[in-house]
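*Asks:* Sequence:
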Amino acid sequence: MKKNLIIFLLSLSGLLQGATAGEVNVAVAANFTAPMAKIAAAFEQDTGHKAVLSFGSTGKFYAQIKNGAPFQVLLAADQETPAKLEQEGQTIAGSRFTYAIGRLVLWSKQSGLVDAQGDVLRAGKFEKLAIADPRLAPYGAAAVEVIDKLGLRSALQPKMVQGENIGMAYQFVRSGNADLGFVALSQIQVDGKIQEGSAWLVPANLHAPLQQDAVALASSKDNPAAAALLAYLKGEKARAIIKGFGYAY
Numbered sequence: 084m085k086k087n088l089i090i091f092l093l094s095l096s097g098l099l100q101g102a103t104a105g106e107v108n109v110a111v112a113a114n115f116t117a118p119m120a121k122i123a124a125a126f127e128q129d130t131g132h133k134a135v136l137s138f139g140s141t142g143k144f145y146a147q148i149k150n151g152a153p154f155q156v157l158l159a160a161d162q163e164t165p166a167k168l169e170q171e172g173q174t175i176a177g178s179r180f181t182y183a184i185g186r187l188v189l190w191s192k193q194s195g196l197v198d199a200q201g202d203v204l205r206a207g208k209f210e211k212l213a214i215a216d217p218r219l220a221p222y223g224a225a226a227v228e229v230i231d232k233l234g235l236r237s238a239l240q241p242k243m244v245q246g247e248n249i250g251m252a253y254q255f256v257r258s259g260n261a262d263l264g265f266v267a268l269s270q271i272q273v274d275g276k277i278q279e280g281s282a283w284l285v286p287a288n289l290h291a292p293l294q295q296d297a298v299a300l301a302s303s304k305d306n307p308a309a310a311a312l313l314a315y316l317k318g319e320k321a322r323a324i325i326k327g328f329g330y331a332y
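Just so we're aligned, residue 84 is where the sequence shown starts under our numbering, counting upward by one.
Hints listed in this document are in silico derivations from the structure and should not be mistaken for laboratory results. Ideal Cβ positions, reconstructed from N, Cα and C, are used throughout, including at glycine. You may find that some hints are simply not true.
Each pair of labels, with its calculated beta carbon distance range [unchecked claim]:
#1 Ala176 <-> Ala152: 33 to 39 Å
#2 Lys276 <-> Lys320: 28 to 34 Å
#3 Ser237 <-> Gly151: 27 to 33 Å
#4 Arg322 <-> Gly207: 25 to 31 Å
#5 Leu289 <-> Gly172: 18 to 24 Å
#6 Glu210 <-> Ala124: 22 to 28 Å
#7 Lys326 <-> Gly207: 34 to 40 Å
#8 Asp198 <-> Arg236: 47 to 53 Å
The calculated DMTMM-like cross-link candidates involving lysine to aspartate or glutamate, where the alpha carbons are at most 25 Å apart (straight line), are [unchecked claim]:
#9 Lys192 <-> Glu228
#10 Lys192 <-> Glu169
#11 Lys192 <-> Glu171
#12 Lys149 <-> Glu210
#13 Lys232 <-> Asp274
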């Protein structure tokens, strides 16, 4: 009898959860692809709500949101874009917060090509260097800032290939279409370990901090799943996942 009661209560809980579950459309900066996919799965399991994810450059998402794209939450690669949307009345007041602080790395799929000090950039013994479009992607802007601080813009400009976002820059290197590239640490690190190749973790003082803000967009006003997702991102389970991919917060 007791066992049957437990089964009934669990079934009732599932039915109630299903009845109140909703969906939230989330625009996610490309650097946060892997951690957000993992967080979204845990979020759905724990809350019943489903996060429908779209990945891309923060600059492109800004333009899409301004043109009425049906996103309810933005996870940007910077602080400026969510703040700008906030100033323009496109967000829920008070919902913006920093969910992650990213790290930039110079990475090659080839072991031994990238040294621990990044001197490979000065040596120039490579054909192509991938970066994200600095006009659209904060990680691309950070890469250009590093190159300029090292005084290497004129030497490296002929070798640079641009992807629209950091995901594309990573794919250039991953596919072998570029020998090395500036990517996000989260793209090559899982559970605190770089998965393959060689990398230089760019010193944080060579570029502006990659503080990444989340914000609820105005269209999420009557969507409890959106509020639940932002709350979940602040929780211990999500934070542990974020840390495992090399972010601080």
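*Asks:* Could you run down the list of hints and mark each one as holding or not?
*Replies:* Consistency of the hints with the structure:
1. Under the hint 33 to 39 Å, the C-beta atoms of Ala176 and Ala152, about 21 Å apart, miss the expected range.
2. Separated by about 20 Å at the C-beta atoms, Lys276 and Lys320 break the suggested range of 28 to 34 Å.
3. For Ser237 and Gly151, the hinted distance range of 27 to 33 Å is not satisfied, since their beta carbons lie about 42 Å from each other.
4. Taking 25 to 31 Å as the suggested C-beta distance range, the pair Arg322 and Gly207 does not conform, at roughly 40 Å.
5. Checked against the hint of 18 to 24 Å, the C-beta distance between Leu289 and Gly172 comes to roughly 36 Å, which is inconsistent with it.
6. Distance hint for Glu210 and Ala124: a CB-CB separation of about 38 Å, inconsistent with the stated range 22 to 28 Å.
7. As the Cβ distance of Lys326 to Gly207 is approximately 35 Å, the hint placing it in 34 to 40 Å holds.
8. In this structure the hint that Asp198 and Arg236 lie 47 to 53 Å apart at CB is violated, the actual value being about 21 Å.
9. In summary, the hint linking Lys192 to Glu228 is supported, as the alpha carbons are separated by about 23 Å, within the 25 Å threshold.
10. For a cut-off of 25 Å, the pair hint linking Lys192 to Glu169 is broken: about 39 Å separates their Cα positions.
11. Of the supplied pair hints, the one linking Lys192 and Glu171 is violated, its CA atoms being roughly 42 Å apart against a limit of 25 Å.
12. Our distance criterion of 25 Å between C-alpha atoms is broken by Lys149 and Glu210, whose separation comes to about 38 Å.
13. The hinted pair formed by Lys232 and Asp274 fails the criterion: a straight-line CA distance of about 31 Å is larger than 25 Å.
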